[in-house]
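Student: What follows is the residue order along each chain.
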Amino acid sequence: MRRCLVVDDSRVIRKVARRILEDMRFEIEEAADGLEALQACRRRMPEAILLDWTMPVMSGIDFLKQLRQEPGGDKPTVVFCTTENDVERISEALKAGADEYMMKPFDGDILHSKFAEAGLI
Amino acid sequence: MLNDAEVTLIAREVKSRSGAVLTKDMAGAIAIRLQPLARREGFSSVPELIGAARNRADGALWSAIADNLAQSDTRFFRDRSQFERLRTQLAPEALKRRAHERVRIWSAGCATGQEAYSIAMIIDEMRNQGMNPAVEIVATDLSERLLDKARAGLYTQFEIQRGLPIRKLISYFEKASDLWRISDRLRAGVRFQQHNLMKHPGELGQFDIIMLAHVLPSFDHETRVDVLRRVSDALTPNGVLMLGAGETLPEGCDTLKLESGVVRKLSPLANVAAA
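Chains W and G supply the protein sequences, listed in that same order.
Going by the working numbering, the letters in the first sequence line up with residues 1 to 121, in that order.
Going by the working numbering, the letters in the second sequence line up with residues 122 to 396, in that order.
Simulated from the structure, these hints should not be mistaken for lab results.
Do not rely on the hints blindly, as some may be mistaken.
Claimed, not checked - Mimicking DSS-like on lysine-lysine, the simulated pairs with C-alpha atoms at most 30 Å apart in a straight line are:
hint, chain 1, residue 1, chain 2, residue 2
1, W, Lys75, G, Lys289
2, G, Lys320, G, Lys270
3, W, Lys104, G, Lys296
4, W, Lys104, W, Lys15
Claimed, not checked - A few chain G residues that face chain W, going by a derived Cβ cut-off under 10 Å, partial list only:
hint, residue
5, Phe279
6, Arg283
7, Lys296
8, Val348
Model, not experiment: these values are computed from the prediction.
The beta carbon of each residue, even a glycine, is placed where N, CA and C say it ideally should be.
So that you can see chain W by itself, here it is in the shape it has in the complex (with noise of 0.2 Å):
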C-alpha cells in the first residue's frame, strides 16, 4: 500500500483527509507542522505528501525547500492543500518543487482529481 503523509496543523483537516486517502488506498502518516514532517521523511519518505501552508514551527513552504534537499527527498509527489490562492503563491510553491496545488475548501471530487492529476491514481 502507498504511504501519504498528511500534514496540518489542523487536527480536523488531517482526519478529512485521511478519511478520503484511505478510501484511495493510501496508509496515512500524519505531521502538524513542517518540521514534524521532515523528521517523519527522514524516518521513511512516503509517496505522496499532502502540505498545508501556513503552519507554527516549520511553513509548508520552507518545509518543501528542504524536503526536495534531503536524500531521496526529489521522490514523494507533493501536493499543496491550503488556503493561500494567489497566482503568485501558487507559482512560488511549483518553483519549490510542489506537483500539484488544490485550495481550501476541498471535498473528495477535487482531493481525487488533484491526485489523479499528480499521477498519484
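Chain W is already provided as a structure; the job is to place chain G on it using the hints.
Tutor: What follows is chain G alone, placed relative to chain W:
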C-alpha cells in the same frame, strides 16, 4: 412538491424541446432546479409556475423550464484519456489532413464551456510547441443561460479545481475577486452558439472533430440514435466523433463504427458490404 401529473407534463414538454428524458423519481430534483426560475418569474411555488406554463400559449415558460433543467454537470479535461488522444493523435492527424486549411472542432452540448476551453488549451499548447495550428472551435448548447456563463469564462474555485492541472490554471486564468477568469486569448478562440441537438446542424457547417461527451445518456434510445445521425451528418468524410469515456453507440447506428472511444462514419461501400 410536484405531483405525478405535473412531472409527467414537465417531462413531455421538456422532451419535445431538448430531447432530455425526465422520470417520476426525479420529482424532487426537478422541483429544486425550478425554484429559482419560479421566484424570478414571480410565482410562489413551482406548481404555480407549471400551472402558468400550461396556460400560456407562446410556450416561453416551457422553454425557460427546459433551459433550467438542462444538464450542466461538466468539468475541465473530463475523461483525460480522450483529451490525451485528441492532443497526441486526433488533432495532429486532422491538421495534417487539412494541410493549410483550417481544422474545425465542435464541442456539442458544451454546457458551461469547460470542454471547449479544454480543447482550446490543447490547441494553444500546440502553438507553444512551435506548431501553428489553424483551428476553429465552435461550442453549442441549447441553454442560453449556460452559454452566457461559458462566454463569460468565469469559474468558481470549486469548478477550476475539478480536472484542471494547476500549471494550466496559472497559464490560462487570472483571479477576478473570488472567481477565476479564463484568458481573453482562449475566450476569443471559442465561438459559443445556441443549437438544439434535436435539429439538424447544417447551419454549423462541417467538422473534422466533434466532441459529444456525456450528452447522450440524458436521451432515450430513439433520441440517441437520431442525435447521432444528425451530428454525424456534420462530420467531414474523414472526421471523428468523440464520445465520453465508456460511452458506446446505441443499437441502430448502422452507418457509424466505434473504435477505442472514437466514432467514424462507415464508408458507403462498407454499408453495401454489410447489407
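Student: It remains to establish, for every hint, whether it holds in the given structure.
Tutor: Going down the list of hints, with the structure as the test:
A threshold of 30 Å between alpha carbons decides the hint, and for W/Lys75 with G/Lys289 the separation of about 23 Å falls inside it, so the pair holds. This hinted pair checks out: G/Lys320 and G/Lys270 have alpha carbons roughly 23 Å apart, not beyond 30 Å. Of the supplied pair hints, the one linking W/Lys104 and G/Lys296 holds, its CA atoms being roughly 16 Å apart against a limit of 30 Å. For the given pair, W/Lys104 sits about 15 Å from W/Lys15 by alpha-carbon distance, which is consistent with the 30 Å threshold.
Checking G/Phe279 against chain W: minimum C-beta separation of about 7 Å stays under 10 Å; hint holds. Taken as an interface hint, G/Arg283 checks out: its beta carbon lies about 5 Å from the nearest beta carbon of chain W, inside 10 Å. The restraint placing G/Lys296 at the interface with chain W holds, with a minimum CB-CB distance near 6 Å, inside the 10 Å limit. Because the closest C-beta pair between G/Val348 and chain W is about 28 Å apart, greater than 10 Å, the hint is violated.
Checked against the numbered hints above, the structure violates only hint 8.
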